[in-house]
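For the protein sequence lines, the chains are C and F, in the order given.
Residue numbers for the first sequence, in numbering that gives the first Met the number 0: 0 to 127.
Residue numbers for the second sequence, in numbering that gives the first Met the number 0: 0 to 127.
Keep in mind that the hints are not guaranteed to be accurate.
Chain copies aren't distinguished; within one or between two, either way the pair holds.
[As the list claims (entries may be wrong)] Under the rule of at most 25 Å between Cα atoms (straight-line distance), these lysine to any residue pairs were calculated in the SDA-like manner:
1. Lys45 / Tyr124
2. Lys116 / Gln35
3. Lys70 / Thr43
4. Lys86 / Glu122
5. Lys116 / Gln54
6. Lys7 / Gly44
7. Lys121 / Pro15
8. Lys78 / Glu42
9. Lys125 / Thr66
For the record, the hints were derived by calculation from the structure and aren't laboratory data.
This is what each chain is made of:
2 protein chains.
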Amino acid sequence: MQEISELKYDQNGLIPAIILDVETGEVLMMAYMNEQSLRATIETGKTHFWSRSRQKYWMKGEESGHTQEVKEIFIDCDKDTLLVKVKQTGAACHEGYRTCFFRRLTPTGQWETVGQKLFDPKEVYKKK
Amino acid sequence: MQEISELKYDQNGLIPAIILDVETGEVLMMAYMNEQSLRATIETGKTHFWSRSRQKYWMKGEESGHTQEVKEIFIDCDKDTLLVKVKQTGAACHEGYRTCFFRRLTPTGQWETVGQKLFDPKEVYKKK
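Using the sequences provided together with the hints, build the complete structure.
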């Protein structure tokens, strides 16, 4: 996998990854990968990320079961952004929506919720 | 537009914006906005960005004519990433492809070009 090292990671060693649902065509989420999580994504066929807020390596769905099966990986012209097409189990958003982009800007400058809630986060992410 | 100020910009005052083609459903590109470029995007209905490499405010298509007409703007759950649905004139990528994500990872770890070139960058971006 020599070409993988040609990617342009940012000053923190991260590269943004846009996650697209191959079945619905929806943009599900955006998260950040480092070299380790990209390698794990490719090797396991499930998306792995680096959490900036928790400073932690994680597999999508490790707690919720809402994993993402990788179908295709694209890179942009500048080689600094990934686009990963996945088959999503359940819902991508930790708030219970299919996609994290469930709020739309209204003409009056408000964010209105347009996505449909598919699960209750309190049920899925139980305190341990 | 009071809600706009609730966005989480990064330490450089930027927020990533994923640009989606409303007609084809393709992810066209990802670029960064600051408060000024987001405001201009909303007010003019054409996408505006902040170029990190050129440290410059720009309107998509200002040189090529390949502008993006804004149809809808979404925000993700963490309010740190935008998704903008646009009507694309011409092609989004400065290398001449419809989308910047024209290279796909092969099973052997290479990036193969799968997008179709729609214009010759040398013709479109003429030296002044």
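Each hint, compared with the structure:
no.	hint	verdict
1	Lys45 / Tyr124	within (20 Å within a copy, 40 Å between copies)
2	Lys116 / Gln35	neither (32 Å within a copy, 33 Å between copies)
3	Lys70 / Thr43	within (12 Å within a copy, 37 Å between copies)
4	Lys86 / Glu122	within (23 Å within a copy, 39 Å between copies)
5	Lys116 / Gln54	neither (28 Å within a copy, 40 Å between copies)
6	Lys7 / Gly44	within (22 Å within a copy, 31 Å between copies)
7	Lys121 / Pro15	neither (28 Å within a copy, 29 Å between copies)
8	Lys78 / Glu42	within (20 Å within a copy, 31 Å between copies)
9	Lys125 / Thr66	within (17 Å within a copy, 46 Å between copies)
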